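Novice: One-letter residues, chain by chain:
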Amino acid sequence: MAKNPVRVLVTGAAGQIGYAIVPMIARGVMLGPDQPVILHMLDIEPAAEALNGVKMELMDAAFPLLKGVVATTDAQEACKDVNIAVMVGGFPRKEGMERKDVMSKNVSIYKAQASALEKHAASDVKVLVVANPANTNALILKEYAPKIPEKNITCLTRLDHNRALGQISEKLNVHVGDVKNVIIWGNHSSTQYPDVNHATVTTSSGEKPVRELVANDQWLNTEFITTVQQRGAAIIKARKLSSALSAASSACDHIRDWVLGTPKGTWVSMGVYSDGSYGIQQGLIYSFPVTCDKGQWSIVQGLKIDDFSRGKLDATAKELIEEKTLAYSCLN
Amino acid sequence: MAKEPARVLVTGAAGQIGYALVPMIARGIMLGVDQPVILHLLDIPPAAEALNGVKMELVDAAFPLLKGVVATTDVVEACTGVNIAVMVGGFPRKEGMERKDVMTKNVSIYKSQASALEKHAAPNCKVLVVANPANTNALILKEFAPSIPEKNITCLTRLDHNRALGQVSERLNVQVSDVKNVIIWGNHSSSQYPDVNHATVKTPSGEKCVRELVADDAWLNGEFISTVQQRGAAIIKARKLSSALSAASSACDHIRDWVLGTPEGTWVSMGVYSDGSYNVPSGLIFSFPVTCQNGEWKIVQGLSIDEFSRKKLDATADELSEEKALAYSCLS
Chain A
1 MAKNPVRVLV
11 TGAAGQIGYA
21 IVPMIARGVM
31 LGPDQPVILH
41 MLDIEPAAEA
51 LNGVKMELMD
61 AAFPLLKGVV
71 ATTDAQEACK
81 DVNIAVMVGG
91 FPRKEGMERK
101 DVMSKNVSIY
111 KAQASALEKH
121 AASDVKVLVV
131 ANPANTNALI
141 LKEYAPKIPE
151 KNITCLTRLD
161 HNRALGQISE
171 KLNVHVGDVK
181 NVIIWGNHSS
191 TQYPDVNHAT
201 VTTSSGEKPV
211 RELVANDQWL
221 NTEFITTVQQ
231 RGAAIIKARK
241 LSSALSAASS
251 ACDHIRDWVL
261 GTPKGTWVSM
271 GVYSDGSYGI
281 QQGLIYSFPV
291 TCDKGQWSIV
301 QGLKIDDFSR
311 GKLDATAKEL
321 IEEKTLAYSC
331 LN
Chain B
1 MAKEPARVLV
11 TGAAGQIGYA
21 LVPMIARGIM
31 LGVDQPVILH
41 LLDIPPAAEA
51 LNGVKMELVD
61 AAFPLLKGVV
71 ATTDVVEACT
81 GVNIAVMVGG
91 FPRKEGMERK
101 DVMTKNVSIY
111 KSQASALEKH
121 AAPNCKVLVV
131 ANPANTNALI
141 LKEFAPSIPE
151 KNITCLTRLD
161 HNRALGQVSE
171 RLNVQVSDVK
181 NVIIWGNHSS
191 SQYPDVNHAT
201 VKTPSGEKCV
211 RELVADDAWL
221 NGEFISTVQQ
231 RGAAIIKARK
241 LSSALSAASS
251 ACDHIRDWVL
261 GTPEGTWVSM
271 GVYSDGSYNV
281 PSGLIFSFPV
291 TCQNGEWKIV
301 QGLSIDEFSR
311 KKLDATADEL
321 SEEKALAYSC
331 LS
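Going line by line, the protein sequences match chains A and B. Per the UniProt record's numbering, the very first residue in the first sequence carries number 1; after that it's consecutive. Per the UniProt record's numbering, the very first residue in the second sequence carries number 1; after that it's consecutive.
Be aware that a few hints might be false.
To be verified - Non-contacting residues of chain A with respect to chain B, defined by C-beta distances greater than 10 Å in every case (computed):
id: 1; residue: R27
id: 2; residue: L165
id: 3; residue: T191
id: 4; residue: A244
As the list claims (entries may be wrong) - Per label pair, the in silico range of CB-to-CB distance:
id: 5; chain 1: B; residue 1: P123; chain 2: A; residue 2: I305; range: 39 to 45 Å
id: 6; chain 1: A; residue 1: E45; chain 2: B; residue 2: G295; range: 57 to 63 Å
id: 7; chain 1: B; residue 1: E4; chain 2: A; residue 2: D307; range: 55 to 61 Å
id: 8; chain 1: A; residue 1: N216; chain 2: B; residue 2: K240; range: 46 to 52 Å
id: 9; chain 1: B; residue 1: D275; chain 2: A; residue 2: K264; range: 37 to 43 Å
id: 10; chain 1: A; residue 1: R99; chain 2: B; residue 2: K94; range: 36 to 42 Å
id: 11; chain 1: B; residue 1: Q230; chain 2: A; residue 2: L326; range: 46 to 52 Å
id: 12; chain 1: B; residue 1: Y328; chain 2: A; residue 2: Q76; range: 57 to 63 Å
id: 13; chain 1: B; residue 1: G68; chain 2: A; residue 2: S204; range: 44 to 50 Å
What the hints assert, rightly or not - Taking lysine to any residue pairs in the SDA-like style, the calculated list, with each CA pair at most 25 Å apart, reads:
id: 14; chain 1: A; residue 1: K3; chain 2: B; residue 2: L172
id: 15; chain 1: A; residue 1: K264; chain 2: A; residue 2: K318
id: 16; chain 1: A; residue 1: K55; chain 2: B; residue 2: R256
id: 17; chain 1: A; residue 1: K237; chain 2: B; residue 2: E170
id: 18; chain 1: B; residue 1: K67; chain 2: A; residue 2: K3
id: 19; chain 1: A; residue 1: K80; chain 2: B; residue 2: R256
Hints are computed from structural coordinates only; laboratory data are not their basis. All figures in this text were calculated on a predicted structure; none of them were measured in a lab. Ideal Cβ placement from N, Cα and C applies to all residues, glycine included.
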């Protein structure tokens, strides 16, 4: 007997990431090939015609799993009864804009959308914030949607996590599916800390630590880290456009693992509301290693943090605290 | 035990359709979720940096099924060993260009790519031409790759087929997955004939004829046909860009059904080498209703063709014969 459809909201749906993600959702990449979906797509008025074009194409593709499309510029209609919300929409940084200007515009957007989600979404809605500054947008959303459980509000660092897996797999010339348990700590920004201290590779003689197999701490502690941190800029340089394909795919991974659970022995990275684990200040949206089971994430506890890592974890936390302060000052 | 990877070539891979298509292939939408793939991506030298950006994003997405990426501007390297070739690359029509100019540029491209495929692809390589003029590009490819079996060279009309399903489902307010057996006859152009005379809808009281349920022959013979024929233009008007999402998705459907078979009782539309069926001149790439089994397509025979339909079939066949003559004149 077919499952009831799940309502999935994508904001900023007329943009690049939206265009990449909606066919993935409609094919079951996000929630499984047996889970029908109804897509809710939201964008701003200037993008209304383009948004309708996306709706037309979704219809034209005749997706068997797609049981409906709501394409709207009205936040209330968009949020109504949604079970999953992927917040891609935000104000992009333009040339000449100061950080405070970008922050200012985005915190207003996320404050308003928090309100709409809280009032109209399903009560256990799972929220993934993608638009940058992702962690701080998610924090603002959380603050202004107090009825949404704080554990339901997350931001995307799975893209960085997947990028780290990819870099290791290229370095070791192994398949990316055989690499696991990297960690992205902190902010989805250039202060993120890609940590391989607990990462492993499946080999013909069992699981081996990445650090051992790479046998190049210098690389792991410098170039590897900066490559992952700055990968977004490298993609822009090559494509003249931001990552859309990989961001969309990673957003699907984030939701899928959250909803359907992580494989045994494997963790992933998610930006989640910090509870003081690993000495990180509470009340930030901070990326941690997590496992997921029965629709809930939980931070992997007890991992050793060496001095080098400690410095990195604290630096990215410091940046998030500054962003939080800046965000609040914009709202006053 | 895991299957051997299939090599899938996408030409024009740095463009819009390529960007939508490659993550679909990497997720198993084209060949099934248990079929590993190696992607071969080809584009022209001016697009080399953008193409590398796509390769970087494919690495960044950490797709478990993706066992390798060959991104190249060298057609020999691109074609080597490929089992599936999706030809998206072509010269787009620009303002002020005459039809003959577009045709000239594209027949040259398809003549040289025919040669490379014939020499370097895996035996029994299945070819899908997407770039317009799709049918005629496919015909040129066939003519200049005589050692590729003619049954292995096809063009995409599945997008039109899916669009027709979508229009019927909207008209009847039913799920698109409950509509089947429309037919797209002829050329992937505005002379295509979307035919519902044999199409049905699954209802609680069994399968019913679309024509009966719609009960509006004027619409089915008029607006429905022109809507499907001109849908491409409608998408461009709304998005300011060509269909990429729906074209990519339909290309996956075309290959998947060809390789894995059509469901019992269901046919699809494919542009295939005509054998004289339905009094269509042989030696054209013409869209017919087909079923697929064991990796082979077969034209559905014996469908009754009324007078109205006969005229439409002949008109689109005439256009294809004219295109063929024009293409050959460009090559002389």
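Novice: Now tell me if each hint is right for this structure.
Specialist: Structure-based check of each hint:
With a least CB separation of 6 Å from chain B, R27 (chain A) falls inside the 10 Å interface cut-off, contrary to its annotation. The Cβ of L165 (chain A) sits about 5 Å from the closest Cβ of chain B, inside the 10 Å cut-off, so the non-interface label is violated. With 10 Å as the threshold on Cβ separation, the claim that T191 (chain A) sits away from chain B holds: the shortest Cβ distance comes to roughly 19 Å. Distance check on A244 (chain A): its Cβ comes as close as 8 Å (rounded) to a Cβ of chain B, failing to clear the 10 Å threshold; non-interface status is violated.
In this structure, P123 (chain B) and I305 (chain A) break the distance hint of 39 to 45 Å, their C-beta atoms being roughly 55 Å apart. At about 49 Å, the beta-carbon gap between E45 (chain A) and G295 (chain B) misses the expected band of 57 to 63 Å. The beta-carbon spacing between E4 (chain B) and D307 (chain A), approximately 47 Å, falls outside the hinted interval of 55 to 61 Å. As the Cβ distance of N216 (chain A) to K240 (chain B) is approximately 48 Å, the hint placing it in 46 to 52 Å holds.
Restraint check, D275 (chain B) to K264 (chain A): a C-beta distance of roughly 54 Å breaks the suggested window 37 to 43 Å. At roughly 41 Å, the beta-carbon separation of R99 (chain A) and K94 (chain B) lies within the given 36 to 42 Å, and the hint holds. A hinted range of 46 to 52 Å for the beta carbons of Q230 (chain B) and L326 (chain A) is consistent with their spacing of about 50 Å. Checking the proposed 57 to 63 Å range against Y328 (chain B) and Q76 (chain A) shows it holds: the Cβ atoms sit about 59 Å from each other.
Range check, G68 (chain B) to S204 (chain A): about 19 Å between beta-carbon atoms, so the 44 to 50 Å window is missed. Proposed proximity of K3 (chain A) and L172 (chain B) is supported: the alpha carbons are some 23 Å apart, at most 25 Å. Taking the CA atoms of K264 (chain A) and K318 (chain A), the gap is about 33 Å. The hint is violated against a cut of 25 Å. For the hint pairing K55 (chain A) with R256 (chain B), the CA-to-CA distance comes to about 24 Å; that is within 25 Å, so the pair holds.
For the suggested pair K237 (chain A) and E170 (chain B), the alpha carbons sit about 42 Å apart, so the restraint of at most 25 Å is broken. With a C-alpha separation of about 33 Å, the suggested pairing of K67 (chain B) with K3 (chain A) is violated against the 25 Å cut-off. The suggested pairing of K80 (chain A) with R256 (chain B) is violated, with an alpha-carbon distance near 35 Å, which exceeds 25 Å.
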